[in-house]
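Kindly generate the complete structure, drawing on both the sequences and the hints.
Keeping their order, the protein sequence lines are chains A, B and C. According to this note's numbering, the first sequence is numbered sequentially starting from 2. According to this note's numbering, the second sequence is numbered sequentially starting from 100. According to this note's numbering, the third sequence is numbered sequentially starting from 78.
Incorrect hints may have been included.
[As the list claims (entries may be wrong)] A short, non-exhaustive set of chain B residues, derived as facing chain A with CB atoms under 7 angstroms:
| hint | residue |
| --- | --- |
| 1 | H172 |
| 2 | K191 |
| 3 | A280 |
Quick caveat, the hints were computed from the structure, so don't treat them as lab data. All residues carry an ideal CB built from backbone N, CA and C; glycine is no exception.
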Amino acid sequence: MTILRPLVFIGAAVVLAGMPYFVTSAYVLHLIILSGIYIVLALSYDILVGYLGMLSLAHPAFYGVGAYTSTLLVMRLDVPFILAFALAGLLALIVALVVGYPALRLSYHSFAIVTLAFTLIMRVVWINWESLTKGPMGIPGVPRPSLGLPFFGNIPIDTATGYYYFILILVILTCLFIYLMIDSRVGRVFLSIRENEVLAETLGVNAFKYRMIAFAIGAFFAGIAGSFTAHYVTFVGPEFTDFYYITMLLVMVILGGSGTIHGVILGAVAFTFVPEYLRITPEFRDVIYGLILLLTIVFMPEGMGGKINHLLERRRLKWNAPAGNR
Amino acid sequence: MPLLETVDLTKNFFGLKALDRVNFHVDRGEIVGLIGPNGSGKTTLFNCATGVLPVSGGRIRFKGEDITHQKTHEIALKGVSRTFQIIRIFPKLTVTENMLLAIQQHQGGRILSSILRTPYVRRLERQARQRASELLDFVALTPLRDNLAAHLSYGQQKLLEFIMAFMAKPDLVLLDEPAAAVNPVMIRNMMDRIIQLNQEGYTFCIIEHNMDFVMELCHRVVVLNYGEKIAEGKPQEIRNNRDVIEAYFGG
Amino acid sequence: METFAQLLVNGLSFGAIYAMVAVGLTIVFGILEVVNFAQGEFYMLGAYITYFVLLAQLPYPISIISAIAVMALVGLVVERCAIRPLLGKAWQLPILSTLAISIIIQNGAIVLWTPNPRTITVEAASKNINVLGVVITYQRLLVILLALAVFTSLHYFVQKTKTGKAMRAVSQNKAACQVLGIDVQRISTIAFALGAGLSGLGGAIVAPIMAIHPVMGILVVIKCFAVVIIGGFGNIHGTIYASFVLAIVESFAVAYVSLQYKDVFAFVVMIVILLLRPHGIFGRKVGI
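Structure (structure tokens):
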């Protein structure tokens with residue numbers, strides 16, 4: 002078993018590094034890039050949902066904030082892409098702090114409702130603040146990224162291969178950060194808040210502070226995912242905040258396995274590819290998603306990741322599906 | 100100066116007076132017993148003192164500082180720890196992880212440093228694990244240190260909750276019915292350990308119904324009934340106090 | 078620009094509708110401690126059922142009764158299959174379940190009936206009547222009177238009948254009820270079915286007034302969430318007052334302030350109130 006592990010890692014590394022050369026179909030490569038975006042979104046979403054047990058419905062709003070911020074900074078203020086990218090994440094983080102400050106004091110149920118309201122409000126703002134966002138039509142012609150790095154000079158990203166490596170790096174950094182966070186003292190505190198908040202507070206944990214941190218970090222990653230997407234599809238519009246994204250994220254996270262990194266990644270990749278091969282109308286697809294979500298919740302709430310953990314008999318059972326205790 | 104004191108502490112629940120102008124104190128080094136019939140306000144007193152419940156009137160002071168309106172975690176970090184009537188532990192975490200959580204916040208350490216695992220934080224972790232080992236040894240729970248807390252027996256969980264309260268070397272330890280539903284051998288063990296810890300300098304306030312426990316351990320006993328303090332004094336005095344006897348048997 | 082009185086009546090009639098949906102939400106929350114994200118879809122289905130019954134040339138009262146009955150049945154099935162098995166587990170699961178159901182019903186409606194809005198009129202109800210100098214349609218009058226009737230009977234039901242008292246008891250202390258032999262599961266099912274039925278009724282009475290389309294539920298239910306938060310989870314009276322206040326304020330705000338941001342208005346009020354009083358204006362669960 003121990004020899005297998007490094008082999009698997011090396012194999013995965015080779016596949017990931019050489020993906021653009023293995024994959025000949027531009028369409029499939031596009032899907033892979035798309036799944037990369039979803040991995041970043043889903044993993045960051047799961048920080049709040051899976052580890053802290055808070056049902057936030059605001060993630061699509063932060064995604065939209067990141068997308069619009071980056072676009073407007075680059076197109077209106079000539080800000081270099083790298084800076085706009087970072088600021089997109091940063092602004093999403095700040096918005097999360099502002100919204101979270103009152104919202105995270107509420108009961109879990111009110112929090113869910115308020116975050117949903119926030120997402121809908123943002124959507125109304127995108128649509129109606131025409132001078133800023135060009136309204137319901139959105140902003141086309143978003144320039145492709147060019148990374149102005151100090152030593153390497155200006156690296157334009159305008160090929161699928163370029164985008165692939167860019168999102169690959171983002172995915173790796175996201176996974177690394179989240180893994181480091183969850184496995185550290187901080188992750189332990191998150192779990193303690195989820196498992197028994199009163200006890201955690203009695204032990205000196207400021208639950209509110211840690212919730213703010215989780216909310217803000219999640220928003221940051223959603224923001225940079227939004228920025229990447231805007232400069233990839235060269236378009237940004239109110240669709241970025243569609244209710245559809247909430248559905249998608251929930252299915253990916255819950256079916257994938259809330260609280261497990263590999264499960265969520267699996268969920269994200271699976272549900273990027275599955276809808277593309279299901280040639281049906283969007284609404285019918287959503288009915289099926291709803292059914293999948295429902296069946297998963299009732300029969301397999303720990304998701305695929307949880308099932309995998311069970312099967313591998315790892316003692317990390319504690320990381321699985323939300324099992325809060327009030 | 101008393102370690103913990105309440106001045107005219109009052110707590111109302113929709114018109115029901117759970118605590119009615121209670122004046123109560125614990126001095127450093129004491130083991131104070133808090134007794135009274137069910138519903139007399141003992142756990143409510145603990146909840147107010149630890150910031151779990153908001154206070155309706157009066158003041159609470161810890162080490163001379165007014166903590167009446169402070170939050171639970173703030174008070175905890177000042178040196179108060181407690182156990183609960185119904186055991187509170189983290190069932191899905193291991194015994195060691197439970198212990199580490201009991202000291203982590205007191206140690207400090209910035210969040211970013213924790214994520215990046217700086218040498219400083221790694222040293223804090225080592226110290227925490229060391230302290231956990233000491234306490235696990237103290238109650239002979241060491242073999243179970245990597246087990247999930249949920250898999251422990253009731254008695255073992257109670258022991259775990261007990262030693263968690265000492266991880267951060269608090270000034271004051273509040274125990275809520277530590278002897279409840281525990282077999283006599285374990286009760287004896289617990290009493291011995293409390294005496295030992297008290298000699299090491301820990302101050303205790305204990306809610307208990309087990310009179311032998313209270314009589315033998317406590318330096319002083321405070322009696323509550325219907326939210327009011329009705330008696331206070333040495334265990335022997337309380338035992339013979341007419342009001343106390345009436346409260347337990349007459350009411 | 079409509080007159081003051083007309084704006085008021087407008088507010089009252091929408092208040093009645095919000096109240097029906099919101100009271101359903103608040104009852105379900107009080108008893109099952111679940112936020113029913115599918116409540117808006119129940120409302121929408123109520124409207125569609127009414128539409129189809131009217132299309133079949135049956136009288137309006139029949140359509141209202143059908144809507145209530147069918148939705149109560151739907152509520153019963155949903156509770157049994159998708160909520161009850163989850164009640165013992167993590168609190169997020171039942172809520173996610175209702176979210177999933179909302180997704181299924183909404184998109185199912187689009188698939189079955191197309192997103193095109195439909196309208197139907199009830200002949201008798203479109204006629205105008207002069208009440209105290211204000212000209213309103215019979216339909217609006219019906220809405221307000223029906224709301225009065227429904228809430229009065231609800232009050233009677235909750236205060237006087239055995240089941241109603243049991244419901245109040247469960248919302249206050251579930252564990253104690255189980256010990257006392259009250260069938261908590263049955264009460265939960267009744268509560269959910271009641272909530273669904275109320276929502277269906279809301280849809281039924283709004284069908285002749287507004288366009289019917291699959292997405293009509295979302296906007297209404299979001300405002301009803303705001304209402305429930307403002308009025309207090311589980312607090313029927315607070316919810317009813319908050320519904321009417323919100324609807325009336327909305328009515329005037331649209332006329333005097335802005336049309337575009339009308340829907341945002343409810344949330345702004347909700348957020349402001351939550352900032353000042355995290356437990357809502359009327360406080361926490363005081364029992365039903």
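Going down the list of hints, with the structure as the test:
no., hint, result
1, H172, "holds (5 angstroms)"
2, K191, "holds (4 angstroms)"
3, A280, "violated (19 angstroms)"
This entry does not satisfy hint 3, going by the numbered hints stated previously; all others are met.
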